[in-house]
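Chains A and B, in that order, give the protein sequences. Per numbering that gives the first Met the number 0, the very first residue in the first sequence carries number 0; after that it's consecutive. Per numbering that gives the first Met the number 0, the very first residue in the second sequence carries number 0; after that it's consecutive.
The set of hints was computed from the structure by calculation and includes no laboratory data. Treat the hints with care, since some could be wrong.
As the list claims (entries may be wrong) - Which chain A residues face chain B? A few, computed with CB under 10 angstroms, are given here:
#, residue
1, Gly124
2, Glu127
3, Thr130
4, Asn133
5, Arg136
6, Pro222
7, Ala224
8, Phe226
What you are looking at is a predicted structure, and each value in this text was computed from that prediction instead of being measured. Ideal placement from N, C-alpha and C gives every residue a C-beta, glycine not left out.
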Amino acid sequence: MIYGFAWDTSSPLAYALSILPILGIGLIVTLEAAISGFAIALVLGLVWCLLRRSRLKAISWTVAFVVEFIRDTPLLVQLFFLYYVLPDYGITLPAFLTGALALGLQYSAYTSEVYRGGFDAVPRGQWEAATALNLSRFKVYRDIVIPQAIPRIMPSMGNYAVSMLKETPVLSVVTVLDMLNLANMIGDRTFEYLVPLSIVGLIFPVMTTLCSAGIHALDRALPKAGFALR
Amino acid sequence: MTDSLIRFSALTKRFGDLVVLDRFDFDVAPGEKVTLIGPSGSGKSTVLRILMTLEPFQDGDLTLAGIPYHQPDGRGTFRASEKHLRQIRTHVGMVFQSFNLFPHMSVLRNVVEAPVAVLGLGRTEAECRAVDLLRLVGLAEKKDHFPSQLSGGQQQRVAIARALAMRPRVLLFDEPTSALDPQLVGEVLGVIRTLAHEHDLTMLLVTHEMRFAREVSDRVCFFDKGKIVEQGPPEKLFSSPEQPRTREFLKSVLAE
Numbered sequence: 000m001i002y003g004f005a006w007d008t009s010s011p012l013a014y015a016l017s018i019l020p021i022l023g024i025g026l027i028v029t030l031e032a033a034i035s036g037f038a039i040a041l042v043l044g045l046v047w048c049l050l051r052r053s054r055l056k057a058i059s060w061t062v063a064f065v066v067e068f069i070r071d072t073p074l075l076v077q078l079f080f081l082y083y084v085l086p087d088y089g090i091t092l093p094a095f096l097t098g099a100l101a102l103g104l105q106y107s108a109y110t111s112e113v114y115r116g117g118f119d120a121v122p123r124g125q126w127e128a129a130t131a132l133n134l135s136r137f138k139v140y141r142d143i144v145i146p147q148a149i150p151r152i153m154p155s156m157g158n159y160a161v162s163m164l165k166e167t168p169v170l171s172v173v174t175v176l177d178m179l180n181l182a183n184m185i186g187d188r189t190f191e192y193l194v195p196l197s198i199v200g201l202i203f204p205v206m207t208t209l210c211s212a213g214i215h216a217l218d219r220a221l222p223k224a225g226f227a228l229r
Numbered sequence: 000m001t002d003s004l005i006r007f008s009a010l011t012k013r014f015g016d017l018v019v020l021d022r023f024d025f026d027v028a029p030g031e032k033v034t035l036i037g038p039s040g041s042g043k044s045t046v047l048r049i050l051m052t053l054e055p056f057q058d059g060d061l062t063l064a065g066i067p068y069h070q071p072d073g074r075g076t077f078r079a080s081e082k083h084l085r086q087i088r089t090h091v092g093m094v095f096q097s098f099n100l101f102p103h104m105s106v107l108r109n110v111v112e113a114p115v116a117v118l119g120l121g122r123t124e125a126e127c128r129a130v131d132l133l134r135l136v137g138l139a140e141k142k143d144h145f146p147s148q149l150s151g152g153q154q155q156r157v158a159i160a161r162a163l164a165m166r167p168r169v170l171l172f173d174e175p176t177s178a179l180d181p182q183l184v185g186e187v188l189g190v191i192r193t194l195a196h197e198h199d200l201t202m203l204l205v206t207h208e209m210r211f212a213r214e215v216s217d218r219v220c221f222f223d224k225g226k227i228v229e230q231g232p233p234e235k236l237f238s239s240p241e242q243p244r245t246r247e248f249l250k251s252v253l254a255e
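With the rest of the complex left out, here is chain A:
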């Protein structure tokens, strides 16, 4: 029994139905991790990208190095590092937060590249017109560049969102009770792994397909010229 739900192993179908509520709770955790991880990646990636464009070489080079380092390190290593090493230095984060943070950090390295591509795709004349109107650097980004970059970066961001969703099971290694971890726990107790793992394996393609469809719809709904944020 997990979360108050007992399983019924009399037949595969009864087994599947009986553990579905447990996996459903795990699914919510999986989605929460993916959504919060992606939110972190979106914000942090933008921060990296903007800092890399700083005119101060010390800042842009340091950030470039850090981002490259994050990108070149496996997610699992980062996860272990955050979860097992940081407590030695007095920083103890809950498992879920650690997981979301690790996902967000890793993907922020990718999203910063997407932002860079999106900003570079905004024609130079737009930057010049904004400069000629004496807009501050902050407002050039907020009012002119980012709104026009959004439709351009949507497809790539969507791909990363889907791929991050698929990577969330990694969090089970640091005790996050996501869908995979719960399926495993059920298997450990019933010695019957096929059904729980198959369900998990099936839920993922359904989720990623839905996610892709949603992104595609959003992409088509966005005005191609961008939209004013304020």
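Given the structure of chain A, go ahead and fit chain B onto it with the hints provided.
Just chain B now, with coordinates in the frame of chain A:
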């Protein structure tokens, strides 16, 4: 000498090894309308782009209303702080060859954006003024359209209204009609002609429209290879140019 609004002295601008402006001297009086003509690559657009702070320069001096553009940083190159440049930009506006309207904003929003964000005007007041300016360029009824719904000539007229909304002392026109279909050139020149009658507004215009240059400018400067080869009142420069290169250039463009 405090009577010139803009002063280039011995300014040198290089792109790599290419010298675009070579110890360039140029003065513009307040309210003066100056047209820059010359073959492409002669440095005339660069003069405007430097004035708009879109390009740094390597050597020499430039002042606008007494404010120097550069802050020497000891290494011999010149690049002022953003804060300093923003102070300079309050006096200058620019109209681009390719209009560069913000495609994600309505016409009205294009004109209102900077006055609200930079000058700190209230939105209602800014919109009121924007409508007045759009009326001036004959496009008040298009205020809720998006740039993509306008012709090139209309877009350029909006761009002029947008630049005027910042109340610049100096307005720079960088080949404002070069990207337009021939039948749309007239409407844009008409608007610029109206502005040329404003006494306070200093105008620098890079154009290939010689007849128009003759009509609106107080002075025409002929550029070649990063220098002003010859300058003077339009009647003089167009009817009896002194330099052979000026004659050659005028013959080639007027023959078209």
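Outcome of the hint check:
The interface hint given for Gly124/A is met, as the beta carbon of that residue sits about 4 angstroms from the closest beta carbon of chain B, less than 10 angstroms. Contact between Glu127/A and chain B, as hinted, is supported at the beta carbon level, the nearest pair being about 5 angstroms apart and thus within 10 angstroms. Residue-level restraint check for Thr130/A holds (minimum Cβ-Cβ distance to chain B is 6 angstroms; threshold 10 angstroms). Given hint, Asn133/A at the interface with chain B, holds; its Cβ is 4 angstroms from that chain's nearest Cβ, closer than 10 angstroms.
With a least beta-carbon distance of about 7 angstroms to chain B, the hint placing Arg136/A at the interface is held under the 10 angstroms criterion. Against a cut-off of 10 angstroms between C-beta atoms, the interface hint on Pro222/A holds, since the closest Cβ of chain B lies about 7 angstroms away. Among the interface hints, the one on Ala224/A holds; its C-beta lies about 4 angstroms from the nearest C-beta in chain B, closer than the 10 angstroms criterion. Interface restraint check: Phe226/A against chain B, minimum CB-CB distance 5 angstroms, threshold 10 angstroms, status holds.
This entry satisfies every hint, going by the numbered hints stated previously.
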